[in-house]
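2 protein chains.
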Amino acid sequence: MKMLINVPESVVPDALRGMALAHPELTVDVEKRLVVRRDAPVAGKVALVSGGGSGHEPLHGGFVGPGMLDAACPGEIFTSPVPDQMVSAAAAVDSGEGVLFVVKNYTGDVLNFDMAAELAEDEGVRVAKVLVQDDVAVTDSTFTAGRRGTGATLFVEKIAGALAAKGAGLERVEAVARQVADSSRSFGVALSACTTPSKGTPTFDLPAGELELGIGIHGEPGRERRAMMTSGEIADFAVDAVLKDLHPDGPVLALVNGMGGTPLLELYGFCAEVHRVLGERRVPVARTLVGNYVTSLDMAGASVTLCRVDEELLRLWDAPVRTPGLCWGV
Amino acid sequence: MKMLINVPESVVPDALRGMALAHPELTVDVEKRLVVRRDAPVAGKVALVSGGGSGHEPLHGGFVGPGMLDAACPGEIFTSPVPDQMVSAAAAVDSGEGVLFVVKNYTGDVLNFDMAAELAEDEGVRVAKVLVQDDVAVTDSTFTAGRRGTGATLFVEKIAGALAAKGAGLERVEAVARQVADSSRSFGVALSACTTPSKGTPTFDLPAGELELGIGIHGEPGRERRAMMTSGEIADFAVDAVLKDLHPDGPVLALVNGMGGTPLLELYGFCAEVHRVLGERRVPVARTLVGNYVTSLDMAGASVTLCRVDEELLRLWDAPVRTPGLCWGV
Chain V
17 MKMLINVPES
27 VVPDALRGMA
37 LAHPELTVDV
47 EKRLVVRRDA
57 PVAGKVALVS
67 GGGSGHEPLH
77 GGFVGPGMLD
87 AACPGEIFTS
97 PVPDQMVSAA
107 AAVDSGEGVL
117 FVVKNYTGDV
127 LNFDMAAELA
137 EDEGVRVAKV
147 LVQDDVAVTD
157 STFTAGRRGT
167 GATLFVEKIA
177 GALAAKGAGL
187 ERVEAVARQV
197 ADSSRSFGVA
207 LSACTTPSKG
217 TPTFDLPAGE
227 LELGIGIHGE
237 PGRERRAMMT
247 SGEIADFAVD
257 AVLKDLHPDG
267 PVLALVNGMG
277 GTPLLELYGF
287 CAEVHRVLGE
297 RRVPVARTLV
307 GNYVTSLDMA
317 GASVTLCRVD
327 EELLRLWDAP
337 VRTPGLCWGV
Chain P
17 MKMLINVPES
27 VVPDALRGMA
37 LAHPELTVDV
47 EKRLVVRRDA
57 PVAGKVALVS
67 GGGSGHEPLH
77 GGFVGPGMLD
87 AACPGEIFTS
97 PVPDQMVSAA
107 AAVDSGEGVL
117 FVVKNYTGDV
127 LNFDMAAELA
137 EDEGVRVAKV
147 LVQDDVAVTD
157 STFTAGRRGT
167 GATLFVEKIA
177 GALAAKGAGL
187 ERVEAVARQV
197 ADSSRSFGVA
207 LSACTTPSKG
217 TPTFDLPAGE
227 LELGIGIHGE
237 PGRERRAMMT
247 SGEIADFAVD
257 AVLKDLHPDG
267 PVLALVNGMG
277 GTPLLELYGF
287 CAEVHRVLGE
297 RRVPVARTLV
307 GNYVTSLDMA
317 GASVTLCRVD
327 EELLRLWDAP
337 VRTPGLCWGV
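Residue numbers (the working numbering), protein chains in the order written: chain V, 17 to 346; chain P, 17 to 346.
Each hint should be verified, as a subset may be incorrect.
Just so you know, same-sequence chains aren't split out, so a pair can sit in one copy or run between any two.
Stated by the list, open to error - In silico EDC-like links for lysine to aspartate or glutamate, alpha-carbon gap of 16 Å or less:
#1 Lys145 - Glu134
#2 Lys182 - Glu113
#3 Lys18 - Glu249
#4 Lys18 - Glu226
#5 Lys145 - Asp198
#6 Lys260 - Glu47
#7 Lys145 - Glu187
#8 Lys215 - Glu92
If you are wondering where the hints come from, they were derived from the structure by calculation, not from laboratory data.
Build the full structure now, drawing on both the sequences and the hints.
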């Protein structure tokens, strides 16, 4: 598999050097592997820190900025960052109002963020944590005990980030972040496997004419493999899998997310099918976001994330955000 | 090649239905194939209309909104829209201050926008046109007499859109659009060919271990084929090709653009190499944009576009923009 890289070993620091050059509004520490708002710490504001393996861009570094994250800690590809990164991030962004760690549910991330929380608290930083575990496809995967954290991470980071920007305290930001995480479910499909730079070949073998249902974001196997389906059939399957677990009784936020290798043109068409299914199931869609946001390198495919929302969550979703990866209304 | 679609024939209208659902701030007419600002016509403002074949998303429909385009006309995939679309778009957005057509230099687009300009003027709309022809790779391609219009289209639409938003008249907006077009050059490379839904197989055959230098945005062949190169070698080649033609004597805007199938992680690493080469050539980079903006369906690869800028163009570049595909500072 051909890649636009120099050598596999330097893909992550090379990308961070590029981020630093393209985004002067961020402080990118290539050595320590940190992406931080340049104006951090923001006085009087609870800070949000997230992170995880690289390969899911723009998540998380691309979500650093006003109205979303204060800092992100990128690990190696599909590999958790280390506690030192998280402790440095917390120290860089804490204004004294405390720090919320947004953690996707993968074994390494959970352990490292737990350790970092203890270390940061030893240094006098108040830390709260929220665990994102929205993927209904599989329980216990190669990388996870319990459900995987995927697309809902964007909802948690955006909504909790907006609440923190409005000046809410740490307990309140943590509670709303948890509400969003608990109210969100995802399901993804792959039309192709992804290729990591170090391996250089696809992470699993997906024959021509088949797709993988219930894929995660690390090239790990999904729930089942079937003969290729239409966009409409995939929407039926994915939305049904989400609704079976979510049981919304009111409006939802919808994320129609590309895995990295699927053109935006196809994602918009898939969005129309997702709306059709939700209409048939009498689920009102309050807002829809379409694009490549929580990706898996060059994987072709898409995921659907739905989040039950009330008036307050919707106002926070609509609030201004200005980051490299997500921007509106500011 | 597997795609997230229903049938090839309906890919464009399906995507437009999805755009309409995801973007209530736009008026999307699926029948007439138009994407228009919901608040159009904006009183007292020169309007910008662009369009071209689909398959390059977010270009052009994703660039409709405050600070950029007033309307876009999507054609079938890699096929010019028809004059009726452009005439309808002009009528929908003209406030009486006139309309600028931003036209990429492809034979079909040029003919159809010319015809539309005549028809619109017959209906009393003042129309100016700017031709974008920035690709230094080849002269006269499958689709073009002269140079192809590629990444510079984004620069023209953003900068002329900002000037129109500030209230400048049609002649001035046209002149600055032409200045940006004339001051911009691009060069692209492909690591894989793209696959159109109607054909279902790659548009050209690129063996494992080779890349195509000087690729366009329609899967047409490039300038030459070589054994796979590193990101640094590609940056050397692409930036040199652009600089040989552009001869900047001051700062440039840089667009490091993905062709659709290359992960953002790789694009940021490539951005670092593009900056390295520009530094070695003593070309100061005023601003850098990195991402998938002027794409070619699922093609893997990237292009570099540079634009010579003065203080005024930089201020217009930095001015607020709020569209689905490009947003900042608003």
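Review point. Is it within, between, both, or neither for Lys145 and Asp198, if the alpha carbons may be no more than 16 Å apart?
Key: So Lys145 and Asp198 pass the 16 Å test inside one copy only (14 Å; across, 52 Å).
Practice item. Go through the copies and call it for Lys182 and Glu113: within, between, both or neither, with a Cα cutoff of 16 Å. Key: For Lys182 and Glu113, the Cα distance is within 16 Å only inside one copy (13 Å; across copies 41 Å).
**Study point:** Same-copy or cross-copy closeness of Lys215 to Glu92 [CA-CA at most 16 Å]
**Key:** Within one copy only: 13 Å inside, 38 Å across.
Practice item. With 16 Å as the alpha-carbon cut-off, assign the pair Lys18 and Glu226 to within, between, both or neither. Key: Between copies only: 8 Å across chains, 23 Å inside a chain, cut-off 16 Å.
Review point. Checking Lys260 and Glu47: alpha-carbon separation at most 16 Å within a copy, between copies, both or neither?
Key: Neither way: Lys260 and Glu47 sit 45 Å apart in one copy and 35 Å across, limit 16 Å.
Review point. Between copies, within a copy, both or neither: which fits Lys145 and Glu134 at Cα up to 16 Å?
Key: Within one copy only: 11 Å inside a chain, 62 Å across chains, cut-off 16 Å.
Check your understanding: For Lys145 vs Glu187, is the C-alpha pair at or below 16 Å within one copy, between two copies, both, or neither?
Key -> within (10 Å within a copy, 56 Å between copies)
Check your understanding: At most 16 Å between C-alpha atoms: does Lys18 with Glu249 qualify within a copy, between copies, both, or neither?
Key -> Answer is between: at 14 Å across copies they meet the 16 Å cutoff, but 32 Å inside does not.
The structure fails to meet hint 6 from the earlier list, while all remaining hints are met.
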